[in-house]
Amino acid sequence: MRILIVEDDAALASFIRKGLEAEYHAVDVASEGNQGRSMAMEFDYDLVVLDLNLPGLDGLSVLRSLRQRKANLPVMILTARSRVEDRVQCLDSGADDYLVKPFSYLELSARARALLRRSHLPSESVLTVRDLSLDRVERKVARAGRHIELTTKEFALLEYLMRNAGRRLTRAMIIEHVWNLTFDSTTNVVDVYINYLRRKVDDGFSPSLIHTVRGVGYQMNSEGASV
Amino acid sequence: MSATPRSFPQLPRTPDVLDELLHSLSQPLTSLLCSLELSLEQVAERQHESVAAALQQTERVVGMVRLMQEYLDAGQPGPEPCPEARARAMRCVIDDVIEELSSIAAVRRVRLLLAGTCSVRLPVAESRLRLALQYLIAPMIEAQPAEGKVMLLLGEGPAGTVLRGEGERRSRDLPGATSTVCRVKLAIARRVFESAGASLVLDDGDFEGFVLSIPRSN
Numbered sequence: 001m002r003i004l005i006v007e008d009d010a011a012l013a014s015f016i017r018k019g020l021e022a023e024y025h026a027v028d029v030a031s032e033g034n035q036g037r038s039m040a041m042e043f044d045y046d047l048v049v050l051d052l053n054l055p056g057l058d059g060l061s062v063l064r065s066l067r068q069r070k071a072n073l074p075v076m077i078l079t080a081r082s083r084v085e086d087r088v089q090c091l092d093s094g095a096d097d098y099l100v101k102p103f104s105y106l107e108l109s110a111r112a113r114a115l116l117r118r119s120h121l122p123s124e125s126v127l128t129v130r131d132l133s134l135d136r137v138e139r140k141v142a143r144a145g146r147h148i149e150l151t152t153k154e155f156a157l158l159e160y161l162m163r164n165a166g167r168r169l170t171r172a173m174i175i176e177h178v179w180n181l182t183f184d185s186t187t188n189v190v191d192v193y194i195n196y197l198r199r200k201v202d203d204g205f206s207p208s209l210i211h212t213v214r215g216v217g218y219q220m221n222s223e224g225a226s227v
Numbered sequence: 001m002s003a004t005p006r007s008f009p010q011l012p013r014t015p016d017v018l019d020e021l022l023h024s025l026s027q028p029l030t031s032l033l034c035s036l037e038l039s040l041e042q043v044a045e046r047q048h049e050s051v052a053a054a055l056q057q058t059e060r061v062v063g064m065v066r067l068m069q070e071y072l073d074a075g076q077p078g079p080e081p082c083p084e085a086r087a088r089a090m091r092c093v094i095d096d097v098i099e100e101l102s103s104i105a106a107v108r109r110v111r112l113l114l115a116g117t118c119s120v121r122l123p124v125a126e127s128r129l130r131l132a133l134q135y136l137i138a139p140m141i142e143a144q145p146a147e148g149k150v151m152l153l154l155g156e157g158p159a160g161t162v163l164r165g166e167g168e169r170r171s172r173d174l175p176g177a178t179s180t181v182c183r184v185k186l187a188i189a190r191r192v193f194e195s196a197g198a199s200l201v202l203d204d205g206d207f208e209g210f211v212l213s214i215p216r217s218n
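Read top to bottom, the protein sequences are chains C and U.
Numbering follows my numbering, in which position 210 of the first sequence is assigned residue number 210; successive positions increment by one, without gaps.
Numbering follows my numbering, in which position 87 of the second sequence is assigned residue number 87; successive positions increment by one, without gaps.
In case anyone wonders, no lab produced these hints; they're calculated from the structure.
Positions of the beta carbon are idealized from the N, C-alpha and C atoms, including for glycine.
Each hint should be verified, as a subset may be incorrect.
[Said to hold, decoys possible] Sample of chain U residues at the chain C side, in silico, Cβ under 7 angstroms:
{"#": "1", "residue": "S26"}
{"#": "2", "residue": "T30"}
{"#": "3", "residue": "A52"}
{"#": "4", "residue": "S103"}
{"#": "5", "residue": "A125"}
Just chain C, same shape as in the assembly (with noise of 0.2 angstroms):
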């Protein structure tokens, strides 16, 4: 996939690009706002990551205009305005995702290829990592056909780690998505539900889907997945 970061910050910029390529994707930077819009104009990019404090041209004014003449092209928008009203702002003016700064290059790796995979393929209703499957509409799992109960949460924590197959998910991550409750390390109800959810497809089952990512979180092994 071809990515645009406009982002004004060098060594930042330098960080994502850098993280971005090693997943196989091709990245240019743009460090001002006029730049930025004319690159995005110019060329067919599949996602442009987009800093709001920008030199020249600010963020809303390139977005705006992005719209008026790429509809569909994927926007996010990273800033390090929090409050609700400046989110409603972004998305009222086209963004189709958030990052607010301090962020993690996680999280924006989870949400760019949330964001490519929406504009490329229709939404999957079964999730299968190996032999494990996840049906989001019947709400069934199963690993090597064999049936597996899970509870309300535990379901949730599967299919974010099946979505994200392959990539390291901080503990940070998987509260604020799964829980929707802000992080709080002082809880340890990821690695206690993470042993739920192990005993129930790990246990039993070769090869071992969930692995522990020392220092980071947690990664479901991504070989033969269909997300």
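Use these hints to put chain U onto chain C, whose structure you have.
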């Protein structure tokens, strides 16, 4: 020699200064966080532990910065056009928050119970209301020892609506509820509720419970 009066540009208010500082801090902090995350995969095994430790410390700083942002945001008047008539019923939002927190309570073997009902709507953005309720109720769960109980009682009277939170027992060995982070979270909750015209009273400095009073609107 007497000093000649000069006019200075108007200095920004304290919240604006803090907002600007946080804004400036968030940029390099994002770079640092992204850099450490990307480095973790590439460093040699003997350096892995140091980078992982640096990453954890950075994540703690990020957590603090987010709390500061939330504290400042909570004090902003009128978070969005959200008149009382359009706001989601408080009871529904409480139910949502309790559902999310119940799994955390279950992991700690704490019972989380809600009784009573209300029809009040707070003129505050739902995301902000959820955050305030989370920051109010979660510390009570954390303060309970295993097999403890947290009761939430909702009631409506002539003066308005009251949500009362009570911990059945409290373990003095659990530091969670009295930490600085917890106090800041409670302060955020108080600011959110006060911005919507409600008042929050904590039972004591060690946080054994709370009373949230929402006056009847005219």
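We went through each hint and held it up to the structure:
no., hint, result
1, S26, "holds, 4 angstroms"
2, T30, "holds, 4 angstroms"
3, A52, "holds, 3 angstroms"
4, S103, "holds, 5 angstroms"
5, A125, "holds, 4 angstroms"
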